[in-house]
Amino acid sequence: MADSTESSEGELMANGEREGQEDPVIEGFKNLFEKCRAEQMYQSAQQNRSTGPGLGGRLVPSEDPLVEQTDPDNDLLVGLSSTLSQLKQQIDAIVELFEPANLLKDQQSKYKLILGIQSDLNRTMDQIFSATRILGSAQAKIPSRINDQHLQALKRYRFNRLHFRLTYSGPAVLFNVIQLCQECGNIIRVLQITTKEDHHWARIAKYRKRILGDRWRVLPTIESSIICASGTEFDIIQDQWRDCVRSMDGELQILIACLIQEKPHIINPSPNRKLSSANH
Numbered sequence: 001m002a003d004s005t006e007s008s009e010g011e012l013m014a015n016g017e018r019e020g021q022e023d024p025v026i027e028g029f030k031n032l033f034e035k036c037r038a039e040q041m042y043q044s045a046q047q048n049r050s051t052g053p054g055l056g057g058r059l060v061p062s063e064d065p066l067v068e069q070t071d072p073d074n075d076l077l078v079g080l081s082s083t084l085s086q087l088k089q090q091i092d093a094i095v096e097l098f099e100p101a102n103l104l105k106d107q108q109s110k111y112k113l114i115l116g117i118q119s120d121l122n123r124t125m126d127q128i129f130s131a132t133r134i135l136g137s138a139q140a141k142i143p144s145r146i147n148d149q150h151l152q153a154l155k156r157y158r159f160n161r162l163h164f165r166l167t168y169s170g171p172a173v174l175f176n177v178i179q180l181c182q183e184c185g186n187i188i189r190v191l192q193i194t195t196k197e198d199h200h201w202a203r204i205a206k207y208r209k210r211i212l213g214d215r216w217r218v219l220p221t222i223e224s225s226i227i228c229a230s231g232t233e234f235d236i237i238q239d240q241w242r243d244c245v246r247s248m249d250g251e252l253q254i255l256i257a258c259l260i261q262e263k264p265h266i267i268n269p270s271p272n273r274k275l276s277s278a279n280h
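Counting along the sequence shown from 1, when you hit position 256 you're at 256 in the working numbering, and nothing is skipped either side.
Since the hints were made in silico from the structure, they are not lab data. Any given hint could turn out to be false.
[Claimed, not checked] Distance condition first, Cα-Cα at most 35 Å in a straight line; then the derived DSBU-like pairs of lysine-lysine:
(1) 206 with 112
(2) 88 with 206
(3) 35 with 209
(4) 206 with 105
(5) 209 with 112
(6) 206 with 35
(7) 209 with 30
(8) 88 with 105
(9) 105 with 30
(10) 206 with 30
(11) 105 with 209
[What the hints assert, rightly or not] Between beta-carbon pairs, the in silico distance windows are:
(12) 126 with 254: 35 to 45 Å
(13) 258 with 220: 21 to 31 Å
(14) 101 with 252: 36 to 46 Å
(15) 101 with 23: 14 to 24 Å
(16) 106 with 201: 18 to 28 Å
(17) 26 with 232: 22 to 32 Å
(18) 27 with 104: 15 to 25 Å
(19) 240 with 192: 40 to 50 Å
Each residue gets a CB set at the ideal place from its N, CA and C atoms; glycine is no exception.
Let's have the full structure, built from the sequences with the hints guiding it.
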């Protein structure tokens, strides 16, 4: 009887130790989300200010004195390329840990690993924000392409594409990191109240699918940003061409869908065969 009581007390103590251990993880993702969201809003405001009404598309220098003191050079781009490579590794590590079934096993050690990655990710995003602001302050100083022969690294075409990849509200690195942090926090919250039998597993599966989608979107964007930061002119042209091909492919798929709906008898919808007119 005493053994049974001791066993029950031991289980209660173990459960008590586990309770709340996910709170720092949830708070960490919340802080990352809020930090990235604040930077996204700042960058959006800067873009609106730079190209706002009455400016005729002219760029306005930043008033941030901390940023104004630093001129962009090749070292900045090399450092940014290295930082983006670290970001890729950190995102892969987080997504791998956020397999729900595995996350429930040995939660304490998994949460410690996640907290460590969160700390690294915080530093990485700070470095990206700093570099992005320096690039933003340099925007007005970069000459047009007809007068950029003296620039070795930061020419306008490189800056424009790099800044777009990092900060634009839709397909940018920053936007997708925000989404990833939100979905990771959602999974941890739901796991707090989940048992093997309850219906919350459907929600967890939904969040897991979103996390995989966020990684699928952000990794190519990071790769593209690295190319913009450290690639040759030809590398950047090739990267831009891939975007054009994807865009044309999407528009072609929409056109095919419309044609199938209007005249299904003349379109072969098989993806492995060329379109051809049906024989009448």
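Status of each hint after checking the structure:
1. A threshold of 35 Å between alpha carbons decides the hint, and for residue 206 with residue 112 the separation of about 24 Å falls inside it, so the pair holds.
2. The hinted pair formed by residue 88 and residue 206 meets the criterion: a straight-line CA distance of about 23 Å does not exceed 35 Å.
3. Proposed proximity of residue 35 and residue 209 is supported: the alpha carbons are some 24 Å apart, at most 35 Å.
4. Of the pairs offered as hints, the one joining residue 206 and residue 105 holds, with about 20 Å between alpha carbons and a cut-off of 35 Å not exceeded.
5. A hinted pair counts as satisfied when its Cα atoms are at most 35 Å apart, and residue 209 with residue 112 qualifies at roughly 23 Å.
6. Of the supplied pair hints, the one linking residue 206 and residue 35 holds, its CA atoms being roughly 25 Å apart against a limit of 35 Å.
7. For a cut-off of 35 Å, the pair hint linking residue 209 to residue 30 stands: about 20 Å separates their Cα positions.
8. Between the alpha carbons of residue 88 and residue 105 the distance comes to roughly 25 Å, so the proposed pair stays at or under 35 Å and holds.
9. This hinted pair checks out: residue 105 and residue 30 have alpha carbons roughly 23 Å apart, not beyond 35 Å.
10. The suggested pairing of residue 206 with residue 30 holds, with an alpha-carbon distance near 19 Å, which does not exceed 35 Å.
11. For a cut-off of 35 Å, the pair hint linking residue 105 to residue 209 stands: about 20 Å separates their Cα positions.
12. Between residue 126 and residue 254 the C-beta distance comes to about 40 Å, which sits within the given range of 35 to 45 Å.
13. Here the CB-CB span from residue 258 to residue 220 is close to 27 Å, well matched to the stated 21 to 31 Å.
14. Taking the beta carbon of each, residue 101 and residue 252 are about 39 Å apart, inside 36 to 46 Å as hinted.
15. Between residue 101 and residue 23, the C-beta spacing of about 22 Å keeps the proposed range 14 to 24 Å intact.
16. At about 19 Å, the beta-carbon gap between residue 106 and residue 201 stays in the expected band of 18 to 28 Å.
17. For residue 26 and residue 232, the hinted distance range of 22 to 32 Å is not satisfied, since their beta carbons lie about 43 Å from each other.
18. Range check, residue 27 to residue 104: about 20 Å between beta-carbon atoms, so the 15 to 25 Å window is met.
19. Between residue 240 and residue 192 the beta carbons are some 44 Å apart, a value that agrees with the proposed interval 40 to 50 Å.
The structure is inconsistent with hint 17 alone, although it conforms to all the rest.
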